[in-house]
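Engineer: Put the two chains together into one complex; each comes in its own frame, and the hints tell you how they fit.
One line per chain: the protein sequences are A and B, in this order. Position in the first sequence (from 1) plus 34 gives the number in this note's numbering. Position in the second sequence (from 1) plus 373 gives the number in this note's numbering.
Heads up, a few of these hints could be off.
[Unchecked claim] If the Cβ cut is set under 10 Å, some of the chain B residues that face chain A in the computed set are: (1) R503; (2) T514; (3) E517; (4) R544; (5) D545.
[Said to hold, decoys possible] Some residues of chain A that are not near chain B, with every Cβ distance over 12 Å (derived): (6) D67; (7) Q71; (8) H113.
[Stated by the list, open to error] Label pairs and their calculated CB-CB ranges: (9) A:R236 / B:A404: 58 to 68 Å; (10) A:R220 / B:R450: 36 to 46 Å; (11) A:A144 / B:G410: 52 to 62 Å; (12) B:G528 / A:G221: 16 to 26 Å; (13) B:G477 / A:A241: 24 to 34 Å; (14) A:A134 / B:L421: 52 to 62 Å; (15) A:R127 / B:A461: 49 to 59 Å; (16) A:G83 / B:L396: 40 to 50 Å.
Calculated directly from the structure, the hints in this document are not laboratory data. As the structure is a computational prediction, the values presented were derived from the model and not from experiment. From the three backbone atoms N, C-alpha and C, an ideal C-beta is built for every residue, glycine too.
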Amino acid sequence: MTGWHPVTLAAGLEPGTAEGTRLFGRELVVWRDESGQSHVWEDRCPHRGMRLSFGFVRGDRLACLYHGWQFDGAGQCRHIPSHPALTVPGTIRAPVEPSAERLGMVWTGAGPGLPPDEAAVPVRSLALRVPGERVFAALDVGKGMRSGTLVILQHGARRLAAAVQTLSETESTLHLAILGDAADHRGAGQAEISLWAEALRRTLEEA
Amino acid sequence: MITLYDFELDDQCYKVRLLLSLLGLEARKIAVDMLPGAEQTRPPLLLLNPVGTLPILTDDDLVLRDAEAILAYLARRYDSGRGWLPDAPAPFGQVMMWLSFAMGPLRAASAARLQSLFDQPGDGQTLAARDALRVMDDHMTAREFAGGAWFVGDGPTLADIALFPAIALSRDCGIEHEAYPALRRWMRRVRGLPGFITMPGIPDYH
Numbered sequence: 035m036t037g038w039h040p041v042t043l044a045a046g047l048e049p050g051t052a053e054g055t056r057l058f059g060r061e062l063v064v065w066r067d068e069s070g071q072s073h074v075w076e077d078r079c080p081h082r083g084m085r086l087s088f089g090f091v092r093g094d095r096l097a098c099l100y101h102g103w104q105f106d107g108a109g110q111c112r113h114i115p116s117h118p119a120l121t122v123p124g125t126i127r128a129p130v131e132p133s134a135e136r137l138g139m140v141w142t143g144a145g146p147g148l149p150p151d152e153a154a155v156p157v158r159s160l161a162l163r164v165p166g167e168r169v170f171a172a173l174d175v176g177k178g179m180r181s182g183t184l185v186i187l188q189h190g191a192r193r194l195a196a197a198v199q200t201l202s203e204t205e206s207t208l209h210l211a212i213l214g215d216a217a218d219h220r221g222a223g224q225a226e227i228s229l230w231a232e233a234l235r236r237t238l239e240e241a
Numbered sequence: 374m375i376t377l378y379d380f381e382l383d384d385q386c387y388k389v390r391l392l393l394s395l396l397g398l399e400a401r402k403i404a405v406d407m408l409p410g411a412e413q414t415r416p417p418l419l420l421l422n423p424v425g426t427l428p429i430l431t432d433d434d435l436v437l438r439d440a441e442a443i444l445a446y447l448a449r450r451y452d453s454g455r456g457w458l459p460d461a462p463a464p465f466g467q468v469m470m471w472l473s474f475a476m477g478p479l480r481a482a483s484a485a486r487l488q489s490l491f492d493q494p495g496d497g498q499t500l501a502a503r504d505a506l507r508v509m510d511d512h513m514t515a516r517e518f519a520g521g522a523w524f525v526g527d528g529p530t531l532a533d534i535a536l537f538p539a540i541a542l543s544r545d546c547g548i549e550h551e552a553y554p555a556l557r558r559w560m561r562r563v564r565g566l567p568g569f570i571t572m573p574g575i576p577d578y579h
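Okay, chain B solo, but in the shape it has when bound (with noise of 0.2 Å):
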């Protein structure tokens, strides 16, 4: 059974469900009072994340944390046909290389969001996240040009999924998405997967 403390509005568990609906799983979403509440930074959250973070993901015995690391446990365990998380090892560095990046500098444009929807500390993080949705933007032109349509191989990939809520979301915080092109065009490809879900900022009449 699958659990997920969950916070409708925070692009880091949109990420869980969006691969959770990708993979059809069925999974128990726990309403989280995240903002302004900070429910998941005290008992009886904290004891199950003592980092005080969400999303949270448990299924029977095993309790994880951050977004990255609960996709990848998703795709190992649940997705048989390995396309999510490949096995073999060049494509397996270039999504795990993508992974970091959205744990890394890509986390501006989540700070940025924050700030700029409920009043966060995440100052001045506009323009980094500009500069992370550049080296993307700059990355997926390449792909086109090579004749390629997802981050990393020839289909979608836990990358994808863990770099679409930055752009997707970025007009919440004033980016917007004339300066990013090939984005654009990939953003339609991953609305277009079958079981794509939204959350609020992500209109859904495509």
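Excised from the complex, chain A in its bound form (with noise of 0.2 Å):
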């Protein structure tokens, strides 16, 4: 895997709170702490495997589900249950991957390719059922720029951020955000563009 990859709205990523997503088969866990930091980590707690998307975020770590071991924000595992009194070994980590925030997504990735930064307003991650590949010909990149994982298109008087995430050879998910401020695209402007999203669904789908 190359380049970056936006994995979910960074809006939708409450503080506290954990979800889990895929990329090309990988599973992978996106939480943000209670300070507002987002993460992007393996799904698998290096305890006995478990999905640390089930888990549970307590101030700035990230707790499994399974017998409660709890990760720092760096991966480092802070505390065990069964064990309260025990310094956790510095070899028992969570497999951290690199992660940033830009035009109101999450992004994970590697080596060049991380979008600019700009102001965005989130619409909505609209999964579909086909392959990645199919979104972005549908997207109509001879009209659009498209860089890496990420299409910049005019809808009528608006721009958008389409960035394709690919879940598996079967599966991707649209992350959509309006460039520019809230004042002009929230409610009505959000509305137009994710119904717009629907219909796009629909075509794809339907081919």
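Structural biologist: Rendered as structure tokens:
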């Protein structure tokens, strides 16, 4: 896997919550600590392999649902409930991935190609039962500007950031945001783009 | 005196337990061996409900079957604030529409879950369940853009109760929540209601 990939809308990831997702079939947990920092990790507890997205956030730590092991933002295990007095060895770590927030979305990846940031109004993350490449084709990249997984396109008077997450060989998620300020696009603008995206979903899935 | 004939692992029975708890009502719960025993398909329960299903609720001499009918009765009888089942025609119609959805397309989620957990008939229901959950996610997405937080109106109604178990328990049949971001946010609101209770399959760490 190269480049940078969107995994969720930043606004939808509330502080103190964790959600599971996939990227090219690999399971990831995306979570936001209670101070507001977002994190992307492989979705696997180093203890017994339980999915950490089933767990819960306590302060700046993510805890596994299975045995309550707690991991700090750097992935370091800080607390094991069955051995409360133990100073946890530094080798016990959750698999942390690089992550950043741009355009109102949380991204993970490596190397160059992370989009520059600008003001964006989140719309929605739309699950699609088609491969990511079909979505890029439907976004009419001839008219839009594609850079990696991000397409910037014009929809009427609005400029959209449309970023495609490949979940598996057959499924993808289209993350949508309107570039600009909330005062211009919140409410009716978001609803308009959302309906356009639902129509795009019908077209893609019926083809 | 309210009596609920109940099976702990059944999503339909859970709807009734959830509303009883949210309304703060005391009820006698009689555990029925629904799976694998199918006790509800034989007398004496068959005499209370000739259809042979759970839940069954009795309140003094009244006998009711089907979760949505029971929810409607409990709301009319015990919710003096009229919030759970509004009187005004438009929200009343909207709540009934979602109760009908819960009894119709969304039953695919129940069937898929029973098939997955207990090897009951229901194979091939998972895609239909995903379609139904997508209808709900599209609806709550639009509601959020309009400033709404619940399926109907400005507060929780029976629609939210009748629709909640299908998504909250969907992982039991392998349907993850990643495709339903608006429902994920709405589930947190439902969980925050005073008197909210869980059932096996719905973690209670929140």
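Engineer: Name the hints, by number, that the structure is in violation of.
Structural biologist: Hints 5 and 9 are the ones this structure does not satisfy, whereas the remaining hints hold.
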